[in-house]
Amino acid sequence: MLPLTHVVPMTTIRRERQLPFPGAVVVRMNEKVQAGDVLAEAEPAARFYVLDLTRALGLPPKEAARHLRRERGERVDAGDVLAGPVGVARRVVRAPAAGEIVAVQDGRVYFEAKGAVVPMRASFSGVVVGTDGFQSVTIETSGALVQAVWGNGKEDGGVLRQVASAGSEKLEPEAFDLSLRGAVLLAGMCSHPGTLKQAGELAVRGLILGSLAADLVPQARRLPFPLIVTEGFGEIPMNHAAFSLLTTNVGREVALDGRVGGPYSAQRPEVIIPLSATRQVSLPDEIIPLNPGVRVRVVQAPHRGAIGVVREIPSRAVVYPSGILARSARVELEGIGPEMVPLANLEILQ
Amino acid sequence: MSSYMEAETLLAIDVGSVNTRASLFDVVDGRYRLVATGRAASTADAPLFDVSEGVRMALEHVQSVTGRRLIDETESLIMPATGAGAGVDAFVATASAGPRARTLLVGLMPGVSLDSARRLAASCYLEVTGEIGSLDRRREEERLDAIVKAKPDLVLLVGGTDGGAAQSLGRMASILDLGLSLLPGTEKPRVVFAGNQRMAAVVSERLSSAAEVTIAPNVRPRLEEEDVASVRQRLSDVVQSVRSSRISGLEELRHWSGGHLLNTADGFGRVIRYLSHVYDSGKGVLGLDLGASQTTLAAGFGGDLRLHVRTDLGLGTAVTGVLRHGTAADVARWLPVQVPEPRIRDYIFNKALHPGTLPVQMEELHLEYAIAREVLRMTLTSARADWPSGWNLEARATLAPLEPIIISGGALSRAPRPGYAALTVLDALQPVGVSTLILDPHSLTPALGAAAGVLPLATVQALDSGSFVALGTVVAPIGQGRPGRPVLRLRLEREGGETTEGVVRFGQLTVLPLRQGDFGKLTLRPERGFDVGLGGPGKAGAVRVSGGAVGVIIDARGRPLDLDRDGGRWRDLVQKWLWDIGALE
Numbered sequence: 001m002l003p004l005t006h007v008v009p010m011t012t013i014r015r016e017r018q019l020p021f022p023g024a025v026v027v028r029m030n031e032k033v034q035a036g037d038v039l040a041e042a043e044p045a046a047r048f049y050v051l052d053l054t055r056a057l058g059l060p061p062k063e064a065a066r067h068l069r070r071e072r073g074e075r076v077d078a079g080d081v082l083a084g085p086v087g088v089a090r091r092v093v094r095a096p097a098a099g100e101i102v103a104v105q106d107g108r109v110y111f112e113a114k115g116a117v118v119p120m121r122a123s124f125s126g127v128v129v130g131t132d133g134f135q136s137v138t139i140e141t142s143g144a145l146v147q148a149v150w151g152n153g154k155e156d157g158g159v160l161r162q163v164a165s166a167g168s169e170k171l172e173p174e175a176f177d178l179s180l181r182g183a184v185l186l187a188g189m190c191s192h193p194g195t196l197k198q199a200g201e202l203a204v205r206g207l208i209l210g211s212l213a214a215d216l217v218p219q220a221r222r223l224p225f226p227l228i229v230t231e232g233f234g235e236i237p238m239n240h241a242a243f244s245l246l247t248t249n250v251g252r253e254v255a256l257d258g259r260v261g262g263p264y265s266a267q268r269p270e271v272i273i274p275l276s277a278t279r280q281v282s283l284p285d286e287i288i289p290l291n292p293g294v295r296v297r298v299v300q301a302p303h304r305g306a307i308g309v310v311r312e313i314p315s316r317a318v319v320y321p322s323g324i325l326a327r328s329a330r331v332e333l334e335g336i337g338p339e340m341v342p343l344a345n346l347e348i349l350q
Numbered sequence: 001m002s003s004y005m006e007a008e009t010l011l012a013i014d015v016g017s018v019n020t021r022a023s024l025f026d027v028v029d030g031r032y033r034l035v036a037t038g039r040a041a042s043t044a045d046a047p048l049f050d051v052s053e054g055v056r057m058a059l060e061h062v063q064s065v066t067g068r069r070l071i072d073e074t075e076s077l078i079m080p081a082t083g084a085g086a087g088v089d090a091f092v093a094t095a096s097a098g099p100r101a102r103t104l105l106v107g108l109m110p111g112v113s114l115d116s117a118r119r120l121a122a123s124c125y126l127e128v129t130g131e132i133g134s135l136d137r138r139r140e141e142e143r144l145d146a147i148v149k150a151k152p153d154l155v156l157l158v159g160g161t162d163g164g165a166a167q168s169l170g171r172m173a174s175i176l177d178l179g180l181s182l183l184p185g186t187e188k189p190r191v192v193f194a195g196n197q198r199m200a201a202v203v204s205e206r207l208s209s210a211a212e213v214t215i216a217p218n219v220r221p222r223l224e225e226e227d228v229a230s231v232r233q234r235l236s237d238v239v240q241s242v243r244s245s246r247i248s249g250l251e252e253l254r255h256w257s258g259g260h261l262l263n264t265a266d267g268f269g270r271v272i273r274y275l276s277h278v279y280d281s282g283k284g285v286l287g288l289d290l291g292a293s294q295t296t297l298a299a300g301f302g303g304d305l306r307l308h309v310r311t312d313l314g315l316g317t318a319v320t321g322v323l324r325h326g327t328a329a330d331v332a333r334w335l336p337v338q339v340p341e342p343r344i345r346d347y348i349f350n351k352a353l354h355p356g357t358l359p360v361q362m363e364e365l366h367l368e369y370a371i372a373r374e375v376l377r378m379t380l381t382s383a384r385a386d387w388p389s390g391w392n393l394e395a396r397a398t399l400a401p402l403e404p405i406i407i408s409g410g411a412l413s414r415a416p417r418p419g420y421a422a423l424t425v426l427d428a429l430q431p432v433g434v435s436t437l438i439l440d441p442h443s444l445t446p447a448l449g450a451a452a453g454v455l456p457l458a459t460v461q462a463l464d465s466g467s468f469v470a471l472g473t474v475v476a477p478i479g480q481g482r483p484g485r486p487v488l489r490l491r492l493e494r495e496g497g498e499t500t501e502g503v504v505r506f507g508q509l510t511v512l513p514l515r516q517g518d519f520g521k522l523t524l525r526p527e528r529g530f531d532v533g534l535g536g537p538g539k540a541g542a543v544r545v546s547g548g549a550v551g552v553i554i555d556a557r558g559r560p561l562d563l564d565r566d567g568g569r570w571r572d573l574v575q576k577w578l579w580d581i582g583a584l585e
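Protein chains in written order, with this note's numbering: chain A, 1 to 350; chain B, 1 to 585.
These aren't lab readings, by the way, just hints derived from the structure by calculation. All the given hints hold, so there is nothing to weed out.
Cβ-Cβ distance ranges computed for the label pairs, FRET-style: (1) A:N291 <-> B:V337: 31 to 41 Å; (2) B:E212 <-> A:F134: 21 to 31 Å; (3) A:P314 <-> B:G536: 51 to 61 Å; (4) A:V26 <-> B:V337: 52 to 62 Å; (5) A:P314 <-> B:R234: 46 to 56 Å.
Using 25 Å as the maximum straight-line C-alpha spacing, the simulated BS3-like pairs for lysine-lysine come out as follows: (6) B:K149 <-> A:K154; (7) B:K149 <-> B:K188; (8) B:K151 <-> A:K114; (9) A:K154 <-> A:K170; (10) A:K197 <-> A:K154; (11) B:K151 <-> A:K154; (12) A:K114 <-> B:K149; (13) B:K188 <-> A:K114; (14) A:K197 <-> A:K170.
Remember, predicted model here, so these are calculated numbers, not experimental data. Virtual Cβ for every residue (Gly too), placed ideally from N, Cα, C.
Next comes chain A alone, as it looks inside the complex (with noise of 0.2 Å):
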């Protein structure tokens, strides 16, 4: 069984949205919601105080318990007095931030100050079809999708802009101009970090790439917006698919999702571009079985990036110039022609 990649013009794309910890779902069942749409919203604890009742108060603890004017759970804001007064000096003790007291044990308050709100949104618009209530939204759309290798972990949205007229042209500082600004832009290899710094400076939405140098990781990584990486790092031009069905969605609005979810995890990198369907789509494949005529992308050198479709699975392991023995499929790659690949260098492409 092969890893499977997506780059579908039309399909249905149904994707689990979900808050990093419980909070509050604040959309409904079947609501039709739009790419910057709230869909749930947590508070995060931000810090921990300890407070010492019986130093503040001067009390011994189980006296000092009794002063407490506020209970477990409820808000407070900055300032708000959560036990006292006592005594002649009127001693109190005041909340040292907005949040809430989480437990009192031997005289001490233990105080979670509340973080900013965390909104979750919905990335690309919708249906909402699916909730738990607390976390997570299932969100449905038809639509073009491309799957992506690497992300920077970042997400956005905007109108897509073709900046290479192939995915094998490299990307300069050169091609950028104002026009650009606000745009999720559509390019080929970038290997020079003046061209990150160019796409940082204009403020773009998001930056599509067939391959990044292994060099700019840490640059990508800092950049405020999503950039997604089609096939790997080094010079390697993005698959025609990918490309070409991008280009004939340039000027939609896209959602670029630069998350990787790691190995254990359905979270990819990708690139969704809500359509209207004129018909009910299917969902993606989720498995297709290596066969004659299955199209494939090849995932290592000498064709790294290459797509073709198999045409002979032989049952002999055949030997490479490195003299590795594998297991193989002979390709008809696009622009090359027939070609032995190891099953362990193809990924399925549908």
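Go by the hints and put chain B onto chain A.
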């Protein structure tokens, strides 16, 4: 009462992050032998997140080779074997696939219990995301922050000798209880308590509302005594259980194996510990398993196992660790061809994206094994810090004598020629004296370790059955000299065959042909200043050596290897060594 079983057929499954392997053992001529292996891509990751499919495909592979039906119509394992020759009598499983458990280490004394906790964590598949000690200078609120930020799946709580410190442990448990109760989400983390046993009930009671507590033996029953092995067993069970809750299919394997689903590293370690009982007590036994998502190094010293797992180093998803702990230049020094450093970094990042890919061209092959050398070297460096005193002198630049060295892992077992695997290991480990290199081409070691728990005879007999490939005997004199200066004179008298004599000079890597299964008497006369482990520098002697796929390797490149030479010349040397050891055609 013995818990060992009687069985004729044994099936072992190992679920790795890239490959799932099935191995079938049967009794042939009164002894257990490997009769078939099957391999399939693991399916623990997307899109299935269920190991079952990979297991099923690996079993189908074994079925197609042997004609023996292993799974019934309901896709369940047929066990015990039927009279018609279907199924198996015993089943064992090991797994290393699955996400690492986010782990918080909580202890009392830095340098004592916390050090033990770190060592324990380094022998399991854990991702340490936080650490708290009773003497660290953070205030209580900062410790609470640390607990919440660590978002632990697992807490390893240690501290206090048996009958010793109770109060500070109680305080630590209270902070932990509060911190864990503040974690967002509904899933309770697991806590493994391996501290003062007198406090076990108190700790268990105090943490019961916020966590699921497992009591393990005290890792430091006395100040001067550390018992990592007993705790590891309990900790591994919990780690395996955390992983099973994240990845489907592991629970079924646990069921098939009668509850004995082991971590791959634990299975691997068991075999190394066993061998360290069997082999020369004056030498250690070393096992290395180079995986995609972790590298395991197990060292046994007379039954004392030191297991070290680096989940941040491997040849797949964990490969970028090479750049976190080193540089592209470190990798480049093992390359026989010039590859620009940016390209090395690109290769490493791409390998992490596609961990199962194979090098098709020579440059990629060289890159892959240059990275492997650095992964192994880094793992050995950190593992040695935990070796018993006497085996790891800080000032000692060379490795302790080891016999044998077991080599496992997909990359090393699929090396295009045996010499390639041998040179990779020699460069990375730089063994000294006389050692035997044994390759485990089918990655059987973890399975045999798991089998030792239910069918020890199968483990012992399978180790001897020829399922492992001897790469050969290595002789590596300790010492330095000018290139070309004689290092030793040797004489190899092959049993029932011809004799070879010669002089080996400094800088040479020489191979004397001696086939697997053949033996010979090797007489070594080192020059003054060179030590081959026969009693000191310049001491001569004779040893009985076994052959292998490479032969008898005389590694006179010096110990330690001088890696700071001119770039161009170094590349020529690497190329020459590859030729000399038979890694290239």
